[in-house]
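Full structure from sequences and hints, please.
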Amino acid sequence: RIHAWFSLAETIFSETGWEAAAASEGMQGTLSHRARPLGGHLIKFDFPSILIEGAATLSPANILVRPEVRGLLEPEWPQLATVQDFKFRTLKVFSPGDAIVHQKVRLPILRTCELLFGDSTPARLMSNFFYNPNHVVARQLLRRDFPQPGQCCIGWFQELQGTWQEYMTIASRSGTQGEDAFYRMVVCFSVPKDLPWANWASPFYSSLISSATQVIRQVLNRPGVKALRELDATFYIILSLRNFNRGPPMLPAESQDAVKMTISGGDLGLCCWTDYHTEDSKFRFPEYLRCFLKKLSLTADIWDSLDGRRLVPYQCVMQRTQWDQIKAFVRPALTLQKTAYRRAKGGTTAPSLQEDVMPRFVTSYQPEVSATTETTKVVVRNTFLELEEEILSAGALRRIKSDCELKTLVVV
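For what it's worth, the working numbering labels the leading residue of the sequence shown as 5, then goes sequentially.
Honestly, the hints are just simulated from the structure, not real lab data.
A quick note: this is a predicted structure, and the numbers were derived from the prediction, not measured.
Beta-carbon label-pair distances, calculated as ranges:
no.	residue 1	residue 2	range
1	S285	D305	18 to 28 Å
2	E57	G251	47 to 57 Å
3	G30	E183	19 to 29 Å
4	R294	A202	48 to 58 Å
5	A8	T266	53 to 63 Å
6	A8	I330	35 to 45 Å
7	T353	V263	20 to 30 Å
All C-beta atoms, glycine included, are put in the ideal place defined by N, C-alpha and C.
This is the structure we're talking about:
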């Protein structure tokens with residue numbers, strides 16, 4: 005369902021195929037709707053020119069902050085709490101730009117949308133527009149240079165009261181003015197049922213659009229958000245492995261391994277080395293680096309995709325702070341690996357690590373839902389929750405426990 009929702013991004017951003025409902029005074033925004041190709045209905049707000057302060061020097065596709073970065077840092081940055089009804093906390097990161105968050109969203113504009121466009125039956129009321137007065141578990145995914153180069157897209161997904169909810173924001177720069185930038189912002193919600201359009205509310209649509217314009221300006225220009233964007237831009241680091249023309253790099257050998265080469269291990273004691281083998285004979289640097297760190301008794305989160313796009317096989321991505329913590333141990337070990345590699349395979353070159361390089365992606369755009377195919381189960385205990393796996397926090401991995409009645413939500 006997540007793939008299907010992102011496949012609608014071009015349709016959502018397009019100005020054709022939509023039935024116009026209203027425009028605000030001065031054309032600050034428009035409201036339109038259409039039937040969803042896969043069933044249900046789509047409600048779209050289109051704001052052609054939102055001024056974002058201090059964004060002119062930012063890469064156009066970096067205007068929206070990754071959900072896990074926002075969820076990790078916003079609780080620690082009091083200046084970002086000025087939007088009191090818009091709060092997030094990161095629970096689990098699948099890959100950069102793909103996270104499960106604990107969110108509370110009490111923006112009055114969303115409640116108004118639910119009353120106007122949602123299912124008004126008592127069991128479904130307040131269930132389609134992400135108005136969450138209590139903390140709710142949701143999955144958020146960000147895509148950069150999507151649906152077109154220079155654009156940025158974020159999708160929200162949650163299940164509440166048995167209803168699957170979907171939301172998308174697409175940002176596209178339209179111009180600059182000094183240090184500021186103008187963006188076209190498109191916000192779209194899906195409604196599960198193809199409900200009758202609320203023509204009775206037409207007189208209120210113009211004021212609704214004006215209110216929505218003010219909200220999106222406030223959220224995108226809240227105090228501290230510029231610094232948050234700058235931190236997000238350097239939150240991850242790309243590592244690259246080059247010069248392994250004579251085969252994959254080697255690994256430190258343990259007692260059960262077949263030793264291929266013995267060298268002077270220096271202070272690290274890494275004297276014995278063995279060949280690195282993969283199950284399908286295709287070398288992938290993220291897998292190799294995980295094995296290498298395990299041999300050094302180190303652990304870190306290593307991914308093969310960034311913001312929904314698969315990296316080339318010889319690159320991987322890590323959280324910069326994690327790399328800074330382990331690089332003093334990894335660098336000398338990789339230097340010894342180069343010595344063992346040259347002696348075992350001959351030649352003057354050996355696999356070498358390059359740090360903080362530009363990401364390179366596979367040729368075709370392949371949006372990734374996560375770097376793993378496993379389903380993550382989220383257990384919601386009233387307003388508390390826990391994951392079946394360890395929960396990510398800003399400093400360490402931990403678990404959240406509660407003794408309240410269990411309700412289970414599986415995010416797929």
